[in-house]
Amino acid sequence: MLTCKEVSKLLSQSQDRRLNLVEWLGLRIHFFLCEGCRHFREHLAFIRRACQRYPE
Amino acid sequence: MLEEYRPYLLRYALLQLRDHALAEDAVQETLLAALESRAKFSGKSSAKTWLTGILKHKVLDIFRKQAKESKQVSLEAELESGTADFDSLFQPDGHWATWPQSWADPVKNLENRRFWEIFEICAKLMPVNIARVFMMREFLGLSAEEICKEMQITATNCWVMLYRARMSLRLCLEHNWFGGKFEES
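Chain order of the listed sequences is A and B.
Per our numbering, the very first residue in the first sequence carries number 2; after that it's consecutive.
Per our numbering, the very first residue in the second sequence carries number -8; after that it's consecutive.
Accuracy of the hints is not assured; some may be wrong.
Unchecked claim - If you only want the chain B side, here are some residues facing chain A, beta carbon under 8 Å, derived:
1. S28
2. R29
3. F32
4. G85
5. H86
6. P91
7. Q92
8. W94
9. C163
To be verified - Restricting the straight-line Cα-Cα distance to at most 25 Å, the calculated cross-link-like pairs of lysine-lysine (DSS-like) are:
10. K115/B x K10/A
11. K115/B x K56/B
12. K99/B x K31/B
13. K39/B x K140/B
14. K59/B x K10/A
15. K59/B x K140/B
The hints are simulated quantities; they were obtained by calculation from the structure and are not laboratory data.
C-beta atoms are modelled at their ideal positions from N, C-alpha and C, and glycine is treated no differently.
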């Protein structure tokens, strides 16, 4: 299983490239079990959104 | 009429370029270019969006110039140095050292002026090359492949730099905004 550290890297990369199926599944399984990484995923999504809205 | 957008454009340029003189120049050129091509402005988008679009091209030109001039050494040094992979955020076994918490109602923050002040401070804390790559990706809308070409870096290095940029921004926002050190007003 992926560690939280690996998940954080893959999540960042998922904003820059297409993940392969194994990576994608690894993330899904990890998110199912790990609330911290689910929050981290929200943080990254928020940061992207903030950049797009800057500066309001 | 275009002049009224100058402060907005300057703020935008300053976040990207971190240099007052460069930012002033980019904004000046943007306003001139806008005047010259006024006829092309269709009114489909807002004037603000139109001007920001022109400014983004100017900023990208400056980034290209800087990438050519700056020695690759500094870029490599930046990649190797510092908080490598943000190790301290994780335990040796790869679990979070500090569990990420939910950011309550984050979208609401985007309407808060104080939030953007903190956001700007945090963005300016990123190391210069990492910030440049991040700006290209998230503000100027380049793909990772395009950034690799512009900056002459490998895809892996590009991903590492974007990762560090996001981690650094996240951590700074967590500490200085969502962590509640600043009172919302």
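Structure-based check of each hint:
no.: 1; hint: S28; result: 24 Å, violated
no.: 2; hint: R29; result: 24 Å, violated
no.: 3; hint: F32; result: 22 Å, violated
no.: 4; hint: G85; result: 3 Å, holds
no.: 5; hint: H86; result: 5 Å, holds
no.: 6; hint: P91; result: 4 Å, holds
no.: 7; hint: Q92; result: 6 Å, holds
no.: 8; hint: W94; result: 6 Å, holds
no.: 9; hint: C163; result: 11 Å, violated
no.: 10; hint: K115/B x K10/A; result: 22 Å, holds
no.: 11; hint: K115/B x K56/B; result: 20 Å, holds
no.: 12; hint: K99/B x K31/B; result: 35 Å, violated
no.: 13; hint: K39/B x K140/B; result: 30 Å, violated
no.: 14; hint: K59/B x K10/A; result: 28 Å, violated
no.: 15; hint: K59/B x K140/B; result: 12 Å, holds
Going down the numbered hints, you'll see the structure goes against 1, 2, 3, 9, 12, 13 and 14, while the others check out.
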